[in-house]
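Novice: Single-letter residue listing:
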Amino acid sequence: MTRLHIQFAAAAAVLCLAVAPFVLSPFSITLMNYIGIYSLVAIGLALLTGVGGIVSFGQAAFVGVAAYATAWVSALNGHSPWLGLLFGVALTCGVATILGLVTLRLQGHFLSLSTVAWGLAIGFLFGNVEGLGRFNGISSIPPISLGSLALVSSKQIYFLIWGIVTVILFLGYNVLDSRLGRAMRALRGGNTLVESLGINAFRIKLVTFVIAAFLASLSGWLYAHMSRFISPGPFDAGMGIEYLMMSMVGGAGSLLGGVVGAAVVTLLKNSVQDYLPLIAKGASGQLEIVAFSALFILFLQWARQGIVPFVARSLPKTRRARPQPAPPLPRRAQLAPGELLLKVDGAERRFGGLVAVNNVSFEVRSGEILAVIGPNGAGKSTMFNCLTGALRVNKGDIVFAGRPITREAQSRIAKAGIARTFQHVKLRPRMSLLENVMLGTYARTRAGLFAGAFRVNRREEASVRHEALMQLERVGLGEKPFELAGNLPLGNQRILEIARALAADPTLLVLDEPAAGLRRQEKLRLAELLRSLRADHLTILIVEHDMEFVMSLVDRIVVLDFGSKLCEGAPAAIRSDERVQEAYLGGVA
Amino acid sequence: MSSMFSLSDVTVCYDNVDAVRNVSLSVEEGQIVTVIGPNGAGKTTLLMAAIGLLSSKGRMVFQGSDIGKMSVEDRVERRVCLVPEKRELFSDMSVADNLLLGSYSLRDRSGVQKTLDDVYDRFPRLKERQRQAAGTLSGGERQMLALGRALMAKPKLLMLDEPSLGLAPLIVREIFRTIASLRELGVSILLVEQNARAALETADYGYVLETGEIVQSGPAKDLIHDPRLITAYLGGH
Amino acid sequence: MTSDIAAILAIDGIATGAVYALVAIGTVLIFTVTRVIFIPFGDIAAFTALTLAALDAKRFPGTGALVVILACLATLIEITSLARSGELRLLPRALSFYLLLPLAVVGAAWLVMRMDPPLAVRLVLALMLTMPISPLLDRIVFRPIADGTVLLLLTVSVALHFALVGLGLLFFGPEGVRTEPLTSFSTVFAGVLISGQTLLIVIAALVFSGLLFLFFDFTLVGKSLRATAVNRTGSRLMGIRPERAGTIAYLLGSLMAGVSGILIAPVNTVFYDSGFLIGLKAFVGAIVGGMTSYPGAAIGAVGVGILESFASFESSALKDVIVFSLLIPILIWRSLASLHSEEEIEE
Numbered sequence: 001m002t003r004l005h006i007q008f009a010a011a012a013a014v015l016c017l018a019v020a021p022f023v024l025s026p027f028s029i030t031l032m033n034y035i036g037i038y039s040l041v042a043i044g045l046a047l048l049t050g051v052g053g054i055v056s057f058g059q060a061a062f063v064g065v066a067a068y069a070t071a072w073v074s075a076l077n078g079h080s081p082w083l084g085l086l087f088g089v090a091l092t093c094g095v096a097t098i099l100g101l102v103t104l105r106l107q108g109h110f111l112s113l114s115t116v117a118w119g120l121a122i123g124f125l126f127g128n129v130e131g132l133g134r135f136n137g138i139s140s141i142p143p144i145s146l147g148s149l150a151l152v153s154s155k156q157i158y159f160l161i162w163g164i165v166t167v168i169l170f171l172g173y174n175v176l177d178s179r180l181g182r183a184m185r186a187l188r189g190g191n192t193l194v195e196s197l198g199i200n201a202f203r204i205k206l207v208t209f210v211i212a213a214f215l216a217s218l219s220g221w222l223y224a225h226m227s228r229f230i231s232p233g234p235f236d237a238g239m240g241i242e243y244l245m246m247s248m249v250g251g252a253g254s255l256l257g258g259v260v261g262a263a264v265v266t267l268l269k270n271s272v273q274d275y276l277p278l279i280a281k282g283a284s285g286q287l288e289i290v291a292f293s294a295l296f297i298l299f300l301q302w303a304r305q306g307i308v309p310f311v312a313r314s315l316p317k318t319r320r321a322r323p324q325p326a327p328p329l330p331r332r333a334q335l336a337p338g339e340l341l342l343k344v345d346g347a348e349r350r351f352g353g354l355v356a357v358n359n360v361s362f363e364v365r366s367g368e369i370l371a372v373i374g375p376n377g378a379g380k381s382t383m384f385n386c387l388t389g390a391l392r393v394n395k396g397d398i399v400f401a402g403r404p405i406t407r408e409a410q411s412r413i414a415k416a417g418i419a420r421t422f423q424h425v426k427l428r429p430r431m432s433l434l435e436n437v438m439l440g441t442y443a444r445t446r447a448g449l450f451a452g453a454f455r456v457n458r459r460e461e462a463s464v465r466h467e468a469l470m471q472l473e474r475v476g477l478g479e480k481p482f483e484l485a486g487n488l489p490l491g492n493q494r495i496l497e498i499a500r501a502l503a504a505d506p507t508l509l510v511l512d513e514p515a516a517g518l519r520r521q522e523k524l525r526l527a528e529l530l531r532s533l534r535a536d537h538l539t540i541l542i543v544e545h546d547m548e549f550v551m552s553l554v555d556r557i558v559v560l561d562f563g564s565k566l567c568e569g570a571p572a573a574i575r576s577d578e579r580v581q582e583a584y585l586g587g588v589a
Numbered sequence: 001m002s003s004m005f006s007l008s009d010v011t012v013c014y015d016n017v018d019a020v021r022n023v024s025l026s027v028e029e030g031q032i033v034t035v036i037g038p039n040g041a042g043k044t045t046l047l048m049a050a051i052g053l054l055s056s057k058g059r060m061v062f063q064g065s066d067i068g069k070m071s072v073e074d075r076v077e078r079r080v081c082l083v084p085e086k087r088e089l090f091s092d093m094s095v096a097d098n099l100l101l102g103s104y105s106l107r108d109r110s111g112v113q114k115t116l117d118d119v120y121d122r123f124p125r126l127k128e129r130q131r132q133a134a135g136t137l138s139g140g141e142r143q144m145l146a147l148g149r150a151l152m153a154k155p156k157l158l159m160l161d162e163p164s165l166g167l168a169p170l171i172v173r174e175i176f177r178t179i180a181s182l183r184e185l186g187v188s189i190l191l192v193e194q195n196a197r198a199a200l201e202t203a204d205y206g207y208v209l210e211t212g213e214i215v216q217s218g219p220a221k222d223l224i225h226d227p228r229l230i231t232a233y234l235g236g237h
Numbered sequence: 001m002t003s004d005i006a007a008i009l010a011i012d013g014i015a016t017g018a019v020y021a022l023v024a025i026g027t028v029l030i031f032t033v034t035r036v037i038f039i040p041f042g043d044i045a046a047f048t049a050l051t052l053a054a055l056d057a058k059r060f061p062g063t064g065a066l067v068v069i070l071a072c073l074a075t076l077i078e079i080t081s082l083a084r085s086g087e088l089r090l091l092p093r094a095l096s097f098y099l100l101l102p103l104a105v106v107g108a109a110w111l112v113m114r115m116d117p118p119l120a121v122r123l124v125l126a127l128m129l130t131m132p133i134s135p136l137l138d139r140i141v142f143r144p145i146a147d148g149t150v151l152l153l154l155t156v157s158v159a160l161h162f163a164l165v166g167l168g169l170l171f172f173g174p175e176g177v178r179t180e181p182l183t184s185f186s187t188v189f190a191g192v193l194i195s196g197q198t199l200l201i202v203i204a205a206l207v208f209s210g211l212l213f214l215f216f217d218f219t220l221v222g223k224s225l226r227a228t229a230v231n232r233t234g235s236r237l238m239g240i241r242p243e244r245a246g247t248i249a250y251l252l253g254s255l256m257a258g259v260s261g262i263l264i265a266p267v268n269t270v271f272y273d274s275g276f277l278i279g280l281k282a283f284v285g286a287i288v289g290g291m292t293s294y295p296g297a298a299i300g301a302v303g304v305g306i307l308e309s310f311a312s313f314e315s316s317a318l319k320d321v322i323v324f325s326l327l328i329p330i331l332i333w334r335s336l337a338s339l340h341s342e343e344e345i346e347e
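Protein chains in written order, with full-length UniProt numbering: chain A, 1 to 589; chain B, 1 to 237; chain C, 1 to 347.
I should point out that these hints are in silico values taken from the structure, not numbers from a laboratory.
Wrong hints could be hidden among the right ones.
Unchecked claim - Distance condition first, Cα-Cα at most 25 Å in a straight line; then the derived SDA-like pairs of lysine to any residue:
1) 57(B) to 217(B)
2) 523(A) to 18(B)
3) 319(C) to 194(C)
4) 319(C) to 95(A)
5) 480(A) to 424(A)
6) 319(C) to 239(A)
7) 269(A) to 489(A)
8) 154(B) to 219(C)
9) 86(B) to 70(B)
10) 156(B) to 241(C)
Using the sequences and the hints given, assemble the complete structure.
Specialist: If you want it as structure tokens, here you go:
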């Protein structure tokens, strides 16, 4: 399958949508309209939950905010629905921004629980505010008018709804394939990974959250002016779950899945309403929700992935052309070899009562390879996490290239020129090798949301792709740039992390056990690569267990034991040091 | 006679890779067998598969019955026990409760008090601290508690994952003395260690695991003098 | 607001809070042992109240049919999974546990009911009839996805709640019930009239949480539950089956929820869908305790009760808005408090 095939399929789908209202019955068109309106919310959730990993139970409340806002503007105050759209979108995004600023720093399920909380609170508000009609709702909402044409019939508003859905899908896929979209897709890899790439994770989360709320507000606006009447019911907690259900059924993480999920859930609900009374007489209403919840639970038990990813797997792979040469990205000015690059002074880090790093001081000079070694649990990884800002030191100072970074945020340290790999590999397994490496260039590039959505970022993208391919080739993984990272053996995944770090054009490369799990030949190749990087004046700090590997490669060694520095020196001196023998090389006898 | 515990052609897939490939080894009644190898060689993965925390392909036979598809709990009830690398203590429960829970799998509760007394005799430090929460113990005490807790289950096969990990040399010596003394209880031991010298000095038989495969094996007293192993793991002088 | 009114509101709040506290403790118990945030505990509380009301009215409650259906489903699923893993030798145990035991409970309740039993027996019957529901639901719904993330389990739990609301309407009908007071005693304390029902609620909450505490501290089974909560892998290595610990946790949690349902039924009218708000507010309390601390959960739940009582005095329409809005600052505080431990996990 090529890009052309996909474009052809998309064009065919749009054509089908355009012809549909002339073929379908009025009832089916109404059903389609509901599907379109729900799709918008589900697409937002696909971004927020599937891509960003933020499970929200509260989207229905955002739909409600916009619906009530536009109803208030148009039905109660007699203004145009278009003003209602403006007000609804602004209000929803404003509310989302405030909620996001407050809650998006929450961890894991705390965050989702907060969406339950504000979802409920806003939902209860609709039914209890005097000016919004309480539980009776607001009726006689005017239709949307295009010039003199009022969109009254379901056939008329159909085109507006599905037009918006199509445009949103198109822009959404553009965004996902841009710098910002890659950052969004990295969010599920955890804060430590995202921040280590120089990405401000909180900001990306906030942007994603507001985009999802924006889509919900479009949906709310359309809903209010299509049904011409609103009450609290369609915006309550139950509907919030239903939206989540749609995005999960369709395949969280897939924008198209939002549409498919909305369609499946809506049609299913409709047919449950149709057929259930035939099976169980007189018990339709209550059985409906039971059947529906049961189906959802079964679905989550058996097919967590969702429909679209399931179908996509059986389609032939998309063939893509290798990135073409493009103008290079700007590079950082490097220090002259031998200058002081990093200075750690009296670093200390505690976990409860345990002192993991105890008064450690050392220096790294530009252009050298320095190894930190020591037995398991000696505090090496903790030391590395403190250097890169993933952890804060309790005491002591760290200065990088003349700039104190002791209290800096992780993403700012990354931007300053420290790129790292992880002991437990942190890659995005469902992204290609190329995309994983492209993530590394985030801090060197600038395209934002609108540049990504409207594709005005093409030149920068081309440079990024080319740069990523070059780094892949440099580490020896250039053959299959479109392979998924999760399909690589563990050893090569470590190498891929190095390529990603190199794409950031770092001054200091921090490698946490890069040779673990590699075979002998692979280790030799890795050593070769690191030597060539040193020849390019890159400075490397490395934690490694394999003594043979370390001794033949590095310029200097720092030995840690029980969190403290034992000694420091050239490989030959370390090898013959008796304290090192005792602590590290197993001299228990 | 067949071995007490044997693995044949065991392959464990973990994180999309075969972390352990076609490993075969056996432990005889009352023997201490060690598996040594570098970090990331798959030693921990092997033990996790042997206790059933990871699923594996191949055969695992314990006392004549195939335990390869059994749940962790079923294996523990057959008195196959693991002291994991991370110890996995119940950190906010007392030392005494931790030990008591060690005996959970025993149907016959009559001997529990006696076993507890034996464990306290073996590790007097634990007795001193029996009311203290496990999370407040020092590294060495934790390892003693992990060992003691496993002994409470009266294991027939005891698997130890890096018992020397993160401990000071003095305590490492103590732990290995304890391991050697377990032989008298008739416990068979499968010991996984990075501290190759200490492990080989304690064990009867040794296997060397590298990148998921057994590359060498033999009586421990032979391996300890093997020139290749000396340069790779034993800190050659 | 005068001090008299404040005192009345506070007492009212403590009583409501004590009811929430029982459910909150059950929620913490289930979460720590199984990682499931079991929203439907509120439904279990409501179902117990409805069951008691039916028994009071000399009708056999719909709970019986519900338990029978769930038992059949659970048995079917258990047999399938045993057959698939080739362990059909465990069939007799599965049948007796998932089918015979629940059926025996329902049968016994049916027989006893015909003898027109006194209130105390009816209370026990109501609790017995609702107790099997959540362990059976655990087998049907959560066991197949036990390895899922907390979020997946939470999503399923919320869906399960909606299913239960539907089932509640089906088996109990739309009418609300208010059971007869368990006591007519009342007393005046510091110038404020306190009803016996209020006292009973507070005492029952204290007694049942005390019993749970004793169970955890002095029995091997109780300790095994704590062990599972503290360290799942560690407890499996001791031979403690997480499924079994889960079942016990669900039974105990249901008991707590059932008791709270019985306590609240004479005070508030209970409908088939009243459980949602009880469950959610208990859950807010549990979050105050960080989902891991029993005293924290109890204190949090009482706090929610008092807050709700005062909020409903200020604006009865917006009381739920106030309660749930306040959850957000609490969540932020909890999340910050737990940040430290997550750092250690990353280590």
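Novice: Going back to the hint list, which numbers does this structure go against?
Specialist: Checked against the structure, the only hint that fails is number 7, while the rest are satisfied.
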